[in-house]
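J.: First to last, the sequence lines map onto chains A and B. All the letters of the first sequence, read from the start, carry residue numbers 320 to 686 under the numbering used here. All the letters of the second sequence, read from the start, carry residue numbers 320 to 686 under the numbering used here.
Bear in mind the hints are in silico, worked out from the structure with no lab data behind them. This structure is a prediction, so every number in the text was calculated from the model and none was measured. Just so you know, not all the hints are guaranteed correct.
Each pair may be met inside one copy or between any two copies, as identical chains are not told apart.
Straight-line alpha carbon distances no greater than 20 Å define the calculated SDA-like cross-link-like pairs of lysine to any residue that follow [said to hold, decoys possible]:
#  : residue 1 : residue 2
1  : Lys368    : Ala516
2  : Lys342    : Gln574
3  : Lys346    : Asn607
4  : Lys639    : Glu428
5  : Lys475    : Leu444
6  : Lys346    : Ile661
7  : Lys475    : Ser513
8  : Lys342    : Ile438
9  : Lys505    : Arg379
10 : Lys368    : Ser608
There are 2 protein chains.
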Amino acid sequence: MPHDDLSGAILTIGLDAISANYKLLCKQAPGATTAGVVKANAYGLGVDKVAPVLFDAGCRVFFVASADEGIQLRELLPDVEINILNGAPAGHEALFREYRLIPVLNNLEAVGLWRAFCIAQNQPLPAALHLDTGMARLGLPPDELDRLAEDPDQLKGFELRTILSHLACASDAEHPLNQEQLAAFKNALSRLPSATASFAASSGIFLGPQYHFDLVRPGAALYGLCPLTSVPNPMAQVVRLQGKILQVRDVDTPQTVGYGATHRVAGPSRIATVAAGYADGFLRSLGNSGCGYLGGVRTPIVGRVSMDLITLDVTDVSPKQARTGELVDLIGPDNPLDQVAIDADTIGYELLTSLGARYRRTYVGAG
Amino acid sequence: MPHDDLSGAILTIGLDAISANYKLLCKQAPGATTAGVVKANAYGLGVDKVAPVLFDAGCRVFFVASADEGIQLRELLPDVEINILNGAPAGHEALFREYRLIPVLNNLEAVGLWRAFCIAQNQPLPAALHLDTGMARLGLPPDELDRLAEDPDQLKGFELRTILSHLACASDAEHPLNQEQLAAFKNALSRLPSATASFAASSGIFLGPQYHFDLVRPGAALYGLCPLTSVPNPMAQVVRLQGKILQVRDVDTPQTVGYGATHRVAGPSRIATVAAGYADGFLRSLGNSGCGYLGGVRTPIVGRVSMDLITLDVTDVSPKQARTGELVDLIGPDNPLDQVAIDADTIGYELLTSLGARYRRTYVGAG
Chain A
320 MPHDDLSGAI LTIGLDAISA NYKLLCKQAP GATTAGVVKA NAYGLGVDKV APVLFDAGCR
380 VFFVASADEG IQLRELLPDV EINILNGAPA GHEALFREYR LIPVLNNLEA VGLWRAFCIA
440 QNQPLPAALH LDTGMARLGL PPDELDRLAE DPDQLKGFEL RTILSHLACA SDAEHPLNQE
500 QLAAFKNALS RLPSATASFA ASSGIFLGPQ YHFDLVRPGA ALYGLCPLTS VPNPMAQVVR
560 LQGKILQVRD VDTPQTVGYG ATHRVAGPSR IATVAAGYAD GFLRSLGNSG CGYLGGVRTP
620 IVGRVSMDLI TLDVTDVSPK QARTGELVDL IGPDNPLDQV AIDADTIGYE LLTSLGARYR
680 RTYVGAG
Chain B
320 MPHDDLSGAI LTIGLDAISA NYKLLCKQAP GATTAGVVKA NAYGLGVDKV APVLFDAGCR
380 VFFVASADEG IQLRELLPDV EINILNGAPA GHEALFREYR LIPVLNNLEA VGLWRAFCIA
440 QNQPLPAALH LDTGMARLGL PPDELDRLAE DPDQLKGFEL RTILSHLACA SDAEHPLNQE
500 QLAAFKNALS RLPSATASFA ASSGIFLGPQ YHFDLVRPGA ALYGLCPLTS VPNPMAQVVR
560 LQGKILQVRD VDTPQTVGYG ATHRVAGPSR IATVAAGYAD GFLRSLGNSG CGYLGGVRTP
620 IVGRVSMDLI TLDVTDVSPK QARTGELVDL IGPDNPLDQV AIDADTIGYE LLTSLGARYR
680 RTYVGAG
C-alpha cells in the first residue's frame with residue numbers, strides 16, 4: 320500500500336535472522352523436531368514471507384491459530400503439516416480434510432466430532448490432542464483426561480498424531496509451575512496411546528532437554544524475542560523500525576507537549592515530531608516512557624503518543640543530525656523489541672503483532 | 320481474508336451510525352462546515368467503506384495523515400478536498416498536484432518549499448497552514464508565526480486556503496489550556512491574511528460556538544467515541560465486537576488461569592475461552608481487568624490476554640448460554656468502546672485503530 324519514500328516509517332524485517340533463529344532452535348533441541356508457529360500472520364511479520372523462509376531452513380511442521388490461517392498457509396506451502404490450535408469448528412470438518420489441516424482437539428466433544436467425521440468418511444485423518452496441564456485456556460481438563468484414559472476407544476477411527484500441552488510460566492525458569500506441568504504431562508502421556516509428544520514453545524526449549532519431547536514449537540524466539548527473562552537474548556534481532564522526522568522545533572520558553580499537556584519543557588530544548596503513532600502499533604503506553612535512538616543518542620519520548628505521531632526530545636543530538644527527513648530508530652540495535660516492550664509495560668509479543676499497516680515494509684536477507 | 324463462519328470473532332461496523340454521527344456534528348456546529356477525518360484507515364474501520372458514507376452524508380472536506388492515505392482516498396472520492404496533515408515530503412510536491420492533495424504546511428521551511436514549487440509551476444495551488452498553539456507537535460511555533468506575520472509575502476504564489484490549529488486538552492472542558500489556545504489562535508488569525516479558519520476536532524465542537532470558526536474536523540466522534548469526559552456520550556455507537564466461545568470448562572479444584580498464573584480460581588467456577596487476543600487488537604492491558612457480556616451478564620476477563628485467546632469467568636451465566644460457538648460481546652451495547660478503553664487504561668482511539676485483521680468484518684446500514 321504505501322508509496323515508496325512517502326511512508327513516515329520503515330519496518331525492516333530480517334528473513335536471514337529468522338532462518339538463523341530457526342537453526343539455532345533446532346540445535347538447542349537436537350533430539351526433537353522443530354516446528355514453526357506462524358499464527359497471527361507470523362506474529363505480524365507477514366506469513367507469506369516468513370513461512371517459505373522457515374521451509375527453506377528445514378521446517379516441515381507448522382502451527383497456526385485458526386482454520387483461516389491454515390488455508391492461507393496451505394496455499395503457500397503445499398507439502399507441510401499444518402496444525403490448527405483453535406481446532407475445527409463443528410460442521411467444518413470437510414474443510415479441514417480438503418486443505419489437509421490437522422485440528423488440535425481441545426476437549427472430548429471435539430474428539431467425538433472428529434472421530435465421527437472420520438468414521439463416516441472411513442478415513443483415519445490425523446489430529447492432535449491438547450491436554451491442559453495448567454493454563455485453563457484450551458485443552459482437555461484433568462477430568463476429561465481421566466475419562467479418555469478410561470475409555471481409549473474414543474481415540475479410534477482417526478490418527479492420533481500428536482499429543483501436546485502448553486506451559487504457562489516458561490519464560491521464568493524458576494517458576495514452580497513448570498515442573499508441576501511437566502509432571503502432569505508425563506503422567507498423562509503414560510495413560511494414552513503413543514503419539515508425537517510436544518510440550519515446549521520458545522521458552523520451554525531453553526528449560527532443558529527434559530522439556531523437549533519429540534516436537535518443539537517455537538514462535539516468539541523465531542522472531543527475535545528473548546525466550547527467558549533471566550538470560551541475555553540468544554536470538555538474532557529480526558525487526559528494525561525507523562520513524563521519519565517531520566519537524567524539529569526549538570522550545571525556548573516553558574511549554575507543554577502533546578495531548579493532555581502531560582510533559583512540560585522547562586529549559587531550552589529541541590523537540591522532534593516523528594511520523595509513527597499508536598495507529599501504527601507504536602503503543603500509546605510508550606508515552607513519556609519509551610525512546611528512540613538517533614546517531615546512537617537516546618532521545619526520550621516526551622508527551623503522549625498520538626495516533627500518527629510521537630514527539631522526541633532531541634536536545635542531546637547534533638542539530639545537523641536531528642532534522643526533517645532523518646530516520647530515528649524506534650526499534651533497533653540500541654533499543655531491541657524486548658526493551659521497547661518493557662517501556663510499554665507489555666511483552667514483545669504484543670508489540671510485534673501490533674506493528675501496523677502504514678509502514679513501508681522491507682524484507683532483507685535471502686530466505 | 321477470513322472464511323465465512325470460520326472467524327473466531329465478528330466486528331460489526333454501523334455505517335448508518337457513522338452517517339448519523341456526521342449529521343449530529345453538523346447540527347452541533349451549524350455555522351461551520353464539517354469535515355471528516357479518515358486517517359489511519361478511518362480509525363481502523365475501513366476508509367473504503369467509511370469515506371463514501373461520509374460523502375453521501377454531505378461531507379466534502381477530508382483530512383488524512385499521510386500522502387499515501389490521500390492517494391487512496393482520492394481514488395475513492397474524485398471530487399472532494401483532501402488535506403494531508405503531515406504535509407508534503409520535500410521533493411514530492413508534483414505528486415500532491417497530480418492527486419490534488421492539499422498539504423498542511425507545518426513550518427516555514429514547508430511554506431517556502433510549497434511556494435517555490437507553485438511559483439516554478441506558475442500555479443497557485445492550495446495549501447493549509449498549521450499554527451501550533453500548544454501541542455509542540457506539528458505546526459508553526461510562535462517565533463515562526465512572528466516571522467511570517469512580519470513578512471506575509473512568504474504566502475504569495477500559492478493559495479492559502481485554510482489556517483488551522485489543534486487543541487491539546489479539548490476533551491476536558493475545564494482545562495485552562497483550551498482558552499489559552501483559543502486566544503492564541505484568534506490572535507494569530509488577526510495577523511495573517513484571511514482564510515478558512517479551523518480549530519475544533521471532535522471534542523472542540525462540544526466546547527461551544529466560539530471554538531467552531533469556519534471549519535470543524537471531527538474524527539473520533541464520527542466513530543462513536545465520547546467527545547467530552549464529563550458528559551454522557553451523545554454519539555451513536557458504531558462498533559460491536561463479538562468473540563466466539565471455543566471451549567467452556569468447569570474448574571472445581573483451585574488452579575491458576577493463563578500465562579504467568581496471574582489469576583487463581585478459588586471456588587467452583589466455569590471458564591470460557593474466546594477466540595480473540597491481543598493480535599486482534601484486543602489489548603493485553605485488558606487482562607484481569609476488562610470483561611465481556613453474555614446474555615446481559617458481565618463476564619470478567621480472568622488471567623492474561625493471550626495472542627489469540629482470552630478467558631472469561633462465565634460462572635454467572637446459564638450453562639445453556641455459555642457454551643461452544645456462542646458469541647460474547649467484547650465491545651457492544653453493554654460495554655461501549657470508551658468503557659473498554661478505560662478498562663485497558665487507554666483511550667477509545669487506540670482501541671479503534673488497533674482492531675485487527677482476523678475479524679470477520681460486517682458492515683451494516685445503508686450508507
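J.: At most 20 Å between CA atoms: does that hold for Lys475 and Ser513 within a copy, between copies, both, or neither?
T.: within (13 Å within a copy, 82 Å between copies)
J.: Please work out whether the CA atoms of Lys505 and Arg379 approach to 20 Å or closer within one copy, between two copies, in both situations, or in neither?
T.: neither (25 Å within a copy, 66 Å between copies)
J.: Between the shortest in-copy and the shortest cross-copy C-alpha distance, which are at most 20 Å for Lys346 and Asn607: within, between, both, or neither?
T.: Result: close neither inside a copy nor across copies, 41 Å intra and 37 Å inter.
J.: For Lys368 vs Ser608, is the C-alpha pair at or below 20 Å within one copy, between two copies, both, or neither?
T.: Intra 32 Å, inter 36 Å, cutoff 20 Å: neither.
J.: Evaluate Lys342 and Ile438 at a C-alpha cut-off of 20 Å and name the case that applies: within, between, both or neither.
T.: Cα proximity of Lys342 and Ile438: none, with 39 Å in one copy and 58 Å across.
J.: Regarding Lys368 and Ala516, is the shortest C-alpha distance of 20 Å or less found within a copy, between copies, in both, or in neither?
T.: Result: close neither inside a copy nor across copies, 29 Å intra and 47 Å inter.
J.: When Cα atoms must be at most 20 Å apart, do Lys475 and Leu444 count as within-copy, between-copy, both, or neither?
T.: within (11 Å within a copy, 75 Å between copies)
J.: Within, between, both or neither: how does the pair Lys346, Ile661 come out at a Cα-Cα threshold of 20 Å?
T.: neither (29 Å within a copy, 45 Å between copies)
J.: Within a copy, between copies, both or neither: which one fits Lys342 and Gln574 at a CA-CA cutoff of 20 Å?
T.: neither (52 Å within a copy, 36 Å between copies)
J.: Cα distance capped at 20 Å. Does Lys639 pair with Glu428 within a copy, between copies, both, or neither?
T.: Between copies only: 15 Å across, 66 Å inside.
Figure legend: structure checked against the earlier numbered hints; hints not met, in rising order: 1, 2, 3, 6, 8, 9, 10.
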